[in-house]
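Visitor: The primary structure of each chain is shown beneath.
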Amino acid sequence: MNIFKKGCMTLLGVTLISTQLVACGSTTDTPKASESGKAKPVEITWWNFPSFQALDGEVGKYEKQLIAAFNKKNPDIKVNLEMLTYEAGPEKLNVAIASNTAPDVIYDAPGRILDWGKKDLLAPLNDMITDEVKKDVSPALMKQSMVGDQVYMYPINTAPFMMGINKTIFEKIGALDLLPLNKPDRTWTFDEYKKALEAVKEKAPDVIPSGFFAKSQGGDQGTRAYIANLSNSSFFNDDYSKVAINTDKAGAALDWIAQGVKDKLVVSGAESLTGADVNDLFLQGKLAVTLNYSPVLKAQNATLKKAKFDDVLVPFPTIDGAAPKLEPYLGGMAVFNNGDQDKIAASKKLVDFIANDPEWGKKNLIQTGGLSARNSITGLYNDPEYTYAELARKFYGNPPTVADGYAEIRTYWFPELQRVLIGQATGKQALDSFAEKADAAITKAKAALKK
Amino acid sequence: METRVRKLNTPMLRDWLMSYLFLLPAFGFFLLFVAYPMLKGIYISFFNYSLRKFTFIGLDNYINLFHDEVFLKSLWNTTLLVIITVPIVIVFSIFIAMNIYKKKELARSFFRGVFYLPAVSSVVSITVVWGWIYHPNYGILNYITGLFGAEPISWLGNTHTALLSIIAVLITTSVGQPIILYVASLGNIPTSYIEAAQIDRASSWQIFRKIIWPMLMPTNLYIIVITTINTFQCFALIQLLTSGGPFYSTSTVMYGVYEQAFKLGNFGMASAMGIVLAVVIGVISIIQFKYFGSDVEY
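First to last, the sequence lines map onto chains S and B. Position 397, counted from 1, in the first sequence is what my numbering calls 386; the numbers after and before it change by one each time, with no gaps. In my numbering, each number is its position in the second sequence, counted from 1, plus 29.
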């Protein structure tokens, strides 16, 4: 009988666990606005990458203060914050969207946001973007915020991706005049750039003249813009229907990089280094020129330097010193369409508060370390490098992130760079091979969107 | 009614019922967390499942997979990884176990600890350390080879060395458990068998071949099957050390599953890859059971 009793208890236990599991999985109806018209409390979830610099070294602390300030003005909206990391966040988002548990609002970049917009996962923000805002944001940034006529990302902070140079090394070797720092727009030619690298190689043999990386897709905006500018090419054609980087000149630029590894002008083992690895070498004072830098990264890296040196921002060189085409970093907010109009409206209020609140709007921008997406908002920082970065916004070119199939296209880029670096293909062969795969991905993505 | 209750209370039926009740919790978890995801994976593999799109496309995912050069390359890399890693793990583990199982308790525990440490350490920490060992510019491996006059090598960036470098790390993380199991198994072999063979002047090789090896067969079977499965599913090392590069020379099927599902959001394609891998592992495991299981005597 005892055994029977124990068995019954086990069965009861299993039943209880099952009930709990079912309870965990059940969905609760979201409260609808009351018929009387009185505002009902709304709960929204905000997923945030580390877009704001951590306050006192604590991730999410600044965001919590921001939410508290938002709640003072909007006491009926409860904001649940979840911090993401750049490493695991994208995967978490994919799984959440596929399993219908996407957040209500997110601070992210156009690469992912436009992809979600194309797949009808987001609520349009057209009602938030007034004509005044549209006129105040550069066309390159607006392009990165829209799919067709629909605005899916509210642009907030920006920064041009450029090269970072260890100025102190050039000062030490007496070659500061080889850098274009005396020009207001700091543009320079490929030949001038080569001379600067040769000077480092010759006079500072323990320093690697320049960086390059192709291990993974992280930071690929650096390698894309580098090759495109060294060859005066564009990554895509104007209507984003085809890849345009596979020119003879771009192939030659890539060949020069591969040869540069052998000539000790470019870091060795670039095929197995990430953008972060190369920036680490830069922060350790072992690298003179890094490719993937911006005012935001400069601000974030200030405390991570392992050696004392001054870093300056310069644009990528072009063959003839013509105006470079820089890829813009853009940060902004998007609202997921999870089928609840109250949550969408509440999320928009949060977006508006973060971007435009008279007190917190400016504070938020400074906390990102970036510039305002609005041309009229300048002079946020008392730093000559930021002043230059504001000027360099005029070099914004067509952003590759808006291309259909962009996520897939990125997966073909770095393996082809690796192929050149390990000597299995010439620059032109690799770029042609990339173009073939990327064009097929664009066609496939366009076809999928039409369905 | 009374008769029916009396019949239900018969000891046999009660035991039967009890057995299944005790089995129920584990079986429930198995169904929920193993069987259901597996069946769902098979189901999803017939769909174009990308984020919120879910359309039936029949065998298209499988057809596309076998026309995809990168997948075929990944399948080959995975097979190569298994072919090289599993025999080395088995031979190395037996070699170490044979050398330590007769040692004193303290020495035996020390060696078991040394070899088991990578198995219980975080794979991420281990990989970070190995990443620095292999670093093309500041790695200790290039420093050591440099002492002998060798030129620095980009160990993870060279198509000839990248997969071998991964295999070296994989071996260090895979030998811990087999060594523990072999030491335990060797300790269970009656010494009288070996002493009798020695009296008959059997050589060390003959003793190993005719006595020790057959006695290790149950352990061998388990270790070979488990190591094969684990090697087929190698992912973290690839993701952290090479991201499948250079030019797909270390890309594996599991890395492809990750890339398709979590980077590109193609859950249907990722499921199809997972199913193909499961079928390959299943077939190889059956073959291993057939050939290594026939000699097993429990």
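Treat each hint with caution, since some may be false.
Only part of the chain S face toward chain B is listed, based on derived beta-carbon distances under 8 Å [as the list claims (entries may be wrong)]:
| no. | residue |
| --- | --- |
| 1 | N83 |
| 2 | K204 |
| 3 | K251 |
| 4 | D252 |
| 5 | L254 |
| 6 | V256 |
| 7 | S257 |
| 8 | E260 |
| 9 | N345 |
| 10 | A396 |
| 11 | R408 |
| 12 | I411 |
Derived Cβ-Cβ restraints for the label pairs, each shown as a range [claimed, not checked]:
| no. | chain 1 | residue 1 | chain 2 | residue 2 | range |
| --- | --- | --- | --- | --- | --- |
| 13 | B | F58 | S | K295 | 45 to 51 Å |
| 14 | S | D309 | B | Y167 | 20 to 26 Å |
| 15 | S | K253 | B | L61 | 35 to 41 Å |
| 16 | B | V149 | S | D346 | 30 to 36 Å |
| 17 | S | Q273 | B | E98 | 54 to 60 Å |
In case anyone wonders, no lab produced these hints; they're calculated from the structure. None of the values given here were measured: they were computed from a predicted structure. For every residue, glycine included, the Cβ atom is placed at its ideal position computed from N, Cα and C.
Visitor: Does the CB of S257 of chain S sit less than 8 Å away from some CB of chain B?
Guide: Given a least distance of 5 Å, the restraint on S257 of chain S holds.
Visitor: Cβ-Cβ distance between D309 of chain S and Y167 of chain B: within 20 to 26 Å?
Guide: 37 Å, violated
Visitor: Could you say whether the range 45 to 51 Å given as a hint is met by the Cβ separation of F58 of chain B and K295 of chain S?
Guide: 48 Å, holds
Visitor: May I ask you to test the interface hint for D252 of chain S with respect to chain B, counting a Cβ-Cβ separation under 8 Å as satisfied?
Guide: 15 Å, violated
Visitor: Tell me if K204 of chain S is really an interface residue toward chain B, meaning its C-beta lies closer than 8 Å to one of theirs.
Guide: 6 Å, holds
Visitor: Falls inside 30 to 36 Å, the C-beta gap from V149 of chain B to D346 of chain S?
Guide: 50 Å, violated
Visitor: Please check whether N345 of chain S passes as an interface residue: C-beta within 8 Å of a C-beta belonging to chain B.
Guide: 30 Å, violated
Visitor: Going by Cβ atoms only, is N83 of chain S closer than 8 Å to chain B?
Guide: 5 Å, holds
Visitor: How does the Cβ-Cβ distance of K253 of chain S and L61 of chain B compare with 35 to 41 Å: does it lie in that range?
Guide: 58 Å, violated
Visitor: Mind checking the hinted window 54 to 60 Å against the Cβ distance between Q273 of chain S and E98 of chain B?
Guide: 39 Å, violated
Visitor: Answer holds if the nearest beta-carbon of chain B is closer than 8 Å to that of L254 of chain S; otherwise answer violated.
Guide: Violated, about 14 Å.
Visitor: Should the hint that A396 of chain S touches chain B count as held when the rule is a Cβ pair under 8 Å?
Guide: 6 Å, holds
Going through the hint list in order, the structure does not satisfy hints 3, 4, 5, 9, 14, 15, 16 and 17.
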